[in-house]
Amino acid sequence: MNFKLILLSVIFSTNFTSHISANISLNADSAKSTIVRHYKIIRLTTAKPIIDGMLNDECWSTGVWAGDYTQWIPNEGAKPTQKTELKLLYDDDNIYVAIRAYDNEPEKISRRAGRRDQFEGDIVGISFDSYHDHRTAFEFDLTAAGQKIDLLLYNTTNWDVSWNAVWNGDVSLEDSAWTAEFEIPFSQLRFSDATEQVWGMHCWRWIDRLQEESDWEPQSSKGPGIIFQFGELHGLNNISTAPPIEIVPYVLGEFKTFKKEPNNPFKNTGNEFLKNVGIDVKVGLSNNFTADLTINPDFGQVEADPSVINLTAFETFYEEKRPFFLEGKNIFNFDFDGNSLFYSRRIGQSPSFHPELQENQYIDYPNNTTILSAMKLSGKSESGLAVGVLQSLTANENARISNEDNFINEDVEPLTNYLLVRLQKDYEDGNTVLGGIVTSTNRFINNSNLELLSNNAYTSGIDFLHNWNNKEYFVDAKLLGSFVDGSIESIKRLQISSARYFQRPDANHLTFDEDRKSLSGYGGSLKIGKGSGGLWRYSADVTWRSPGLELNDIGFLSVVDLIKENNSISYFVIQPVSIFRTYKISLNQINNWDFGFNHLSSGVQLNWYSEFLNNWAISTSLNYTSQNLDTRILRGGNAMLLTPEWSASLSTR
30 MNFKLILLSV IFSTNFTSHI SANISLNADS AKSTIVRHYK IIRLTTAKPI
80 IDGMLNDECW STGVWAGDYT QWIPNEGAKP TQKTELKLLY DDDNIYVAIR
130 AYDNEPEKIS RRAGRRDQFE GDIVGISFDS YHDHRTAFEF DLTAAGQKID
180 LLLYNTTNWD VSWNAVWNGD VSLEDSAWTA EFEIPFSQLR FSDATEQVWG
230 MHCWRWIDRL QEESDWEPQS SKGPGIIFQF GELHGLNNIS TAPPIEIVPY
280 VLGEFKTFKK EPNNPFKNTG NEFLKNVGID VKVGLSNNFT ADLTINPDFG
330 QVEADPSVIN LTAFETFYEE KRPFFLEGKN IFNFDFDGNS LFYSRRIGQS
380 PSFHPELQEN QYIDYPNNTT ILSAMKLSGK SESGLAVGVL QSLTANENAR
430 ISNEDNFINE DVEPLTNYLL VRLQKDYEDG NTVLGGIVTS TNRFINNSNL
480 ELLSNNAYTS GIDFLHNWNN KEYFVDAKLL GSFVDGSIES IKRLQISSAR
530 YFQRPDANHL TFDEDRKSLS GYGGSLKIGK GSGGLWRYSA DVTWRSPGLE
580 LNDIGFLSVV DLIKENNSIS YFVIQPVSIF RTYKISLNQI NNWDFGFNHL
630 SSGVQLNWYS EFLNNWAIST SLNYTSQNLD TRILRGGNAM LLTPEWSASL
680 STR
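If you read the sequence shown in my numbering, its first letter stands for residue 30, the second for the next number, and so on.
FYI, nobody ran anything at the bench for these hints, they're computed from the structure.
Keep in mind that the hints are not guaranteed to be accurate.
When the alpha-carbon atoms are kept at most 30 Å apart in a straight line, the in silico DSSO-like pairs for lysine-lysine are as follows [to be verified]: (1) K288 / K311; (2) K556 / K593; (3) K546 / K521; (4) K177 / K108; (5) K108 / K69; (6) K350 / K177.
Okay, the calculated beta carbon distance ranges per label pair [as the list claims (entries may be wrong)]: (7) W645 / A333: 31 to 39 Å; (8) N667 / E275: 51 to 59 Å; (9) E275 / N300: 34 to 42 Å; (10) T345 / E275: 28 to 36 Å.
From the three backbone atoms N, C-alpha and C, an ideal C-beta is built for every residue, glycine too.
Please work from the sequences and hints to get the whole structure.
What follows is the structure in structure tokens.
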């Protein structure tokens with residue numbers, strides 16, 4: 030199981046992080062590409078099953094059990110040590126899945142409990158490429174302890190465990206097996222309006238004590254993405270296309286207690302009662318397009334962000350957890366070298382302005398900006414056109430400040446409108462993908478305190494991906510640009526931000542203009558390489574971000590004024606050799622320049638990962654940086670030339 034992760038990284042944390050990575054980073058070689066396994070599903074003719082994990086319902090006596098799983102890990106292509114079989118049925122509303130995981134040592138089945146979306150113990154699962162675009166899949170898993178896991182696989186190399194569907198599942202024990210039962214509503218999937226459906230399908234099993242994965246559709250480690258090598262699900266006919274409408278109003282009351290502060294008029298009672306009201310609406314426009322609307326949404330029950338100690342000059346990136354922004358998240362993504370043109374956490378973020386308090390003043394400051402309304406349209410057509418449109422309006426927020434016996438209101442965030450349009454089109458069964466994105470952020474500023482923010486910010490980008498020779502080789506290109514305007518103060522703030530430091534005394538290629546009222550920039554990337562087939566992988570890429578590029582109004586950007594060049598090559602063996610079950614060695618080389626063509630840094634990294642026959646593993650990394658001219662370390666001062674350095678790491682499990 031863990032082998033899958035090493036194709037992406039030599040450092041990993043848990044066994045099932047590697048399962049996810051494997052599920053989206055590997056694919057079949059050319060010899061397998063013409064062989065696709067099929068499953069013929071039938072419609073329910075009896076009462077639907079009771080989802081309790083026990084496969085004694087009358088319906089499970091109909092249909093066809095499918096078995097003959099093939100081992101992927103640790104011995105690719107071998108017969109599994111334990112037998113597994115599955116059966117699928119459907120009605121107008123749901124797909125029902127039964128899986129029986131035989132075990133000749135049932136007392137050794139690992140039933141460790143975990144949280145939702147946490148891979149623990151023995152697991153069985155199923156994935157559906159319901160678009161049948163070979164690029165997107167919805168995965169549903171159950172652990173032997175009955176814990177649910179769901180995730181979204183997209184773009185063949187990405188996964189998202191924050192995607193949470195509404196479905197039902199349970200497990201049970203038999204004398205020589207454990208069983209799993211799934212009820213997956215069609216409303217949680219996206220598919221075409223065709224009368225007869227053909228979907229991609231993948232089923233897998235993990236035996237924890239043996240570190241073994243087996244799959245219904247045989248997998249190969251010589252490729253760019255598992256979705257390309259899914260089997261096929263046939264037999265889905267006349268699925269109901271009635272658009273579902275979900276309307277969820279809410280009324281919220283919250284009573285908070287805290288330590289009394291007698292001199293603080295906002296906390297002198299030791300308690301506070303908060304109230305709120307709003308509504309969420311979801312409309313299924315068709316089987317593959319959904320519209321979402323929210324008015325004054327409540328995200329109070331969303332899991333809190335982890336605590337982070339950040340001593341750098343750069344912003345911490347937090348994952349999105351709010352349900353409204355998770356729907357269709359993969360469609361809206363436009364990642365760019367660790368940055369993004371769309372970072373949904375900007376919408377409803379903490380207010381930007383913090384008033385300075387005088388002696389004996391107290392403040393009642395809002396934690397977040399109120400989202401007055403938000404609308405989103407997302408989906409993918411039968412022709413392969415993915416569409417994402419998002420618009421949101423956030424409130425003019427103010428803080429209350431006590432001033433002796435009086436109270437004053439101070440604006441801390443202006444009324445703001447956000448808009449994003451994202452398009453992507455697949456060609457040649459996903460071998461070629463062409464897309465584009467435009468965003469706008471428009472603030473209605475009527476208070477001088479808020480002139481530190483730009484008035485208007487616009488970004489746009491195009492992306493292109495092409496695979497050839499049975500997806501062994503690829504070219505990936507992106508171009509983007511930005512334009513920001515506003516007050517002199519807002520543009521000055523951007524120029525001296527940690528992303529730029531235009532004021533650096535030694536930055537002769539940069540101009541710090543205190544009278545500017547706008548800023549524009551551009552960026553791009555080009556990567557070409559071999560991503561599958563055989564034992565060798567290699568790539569070369571270059572990325573550039575001009576000094577004026579600015580994405581942070583609705584996106585995420587850490588550093589600009591940078592040109593990066595990177596070359597990598599790796600060799601891996603997936604069959605047992607001597608004491609090794611598998612191993613991989615990789616070499617990476619990197620150079621960085623600024624837009625004045627000053628050479629900032631050079632480095633090389635050698636990585637080794639090996640897994641032994643007893644399931645132990647070791648990973649090592651050796652790094653050498655020959656030059657490092659750090660333009661950020663003095664936070665606006667001169668660049669500092671750091672001495673060359675060696676570093677190494679070693680980890681085992």
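Agreement of K546 and K521 with the hint, judged by alpha carbon distance not exceeding 30 Å
holds (8 Å)
Can you let me know if the beta-carbon spacing of E275 and N300 is within 34 to 42 Å?
Taking Cβ atoms as reference, E275 and N300 lie about 35 Å apart, which means the hint holds.
Hey, K556 versus K593, does the alpha-carbon distance stay inside 30 Å?
holds (11 Å)
Is the distance from the Cβ of T345 to the Cβ of E275 consistent with 28 to 36 Å?
Holds, at about 34 Å.
Holds or violated: the 51 to 59 Å window for the beta-carbon distance between N667 and E275?
holds (58 Å)
Tell me if the beta carbons of W645 and A333 are separated by a distance inside 31 to 39 Å.
Since the Cβ atoms of W645 and A333 sit about 36 Å apart, the hinted range of 31 to 39 Å holds.
Given hint K108 paired with K177 - CA-CA distance at most 30 Å
Given that 30 Å is the threshold and the Cα spacing comes to 27 Å, the pair holds.
Taking 30 Å as the top limit, are the C-alpha atoms of K288 and K311 close enough?
Since the Cα atoms of K288 and K311 sit roughly 41 Å apart, the hinted pair is violated (cutoff 30 Å).
Going straight from one Cα to the other, do K108 and K69 come out at no more than 30 Å?
holds (23 Å)
30 Å limit on alpha-carbon distance, applied to hinted pair K350 and K177
Holds, at about 17 Å.
Consistency note: the structure conflicts with earlier hint 1 alone.
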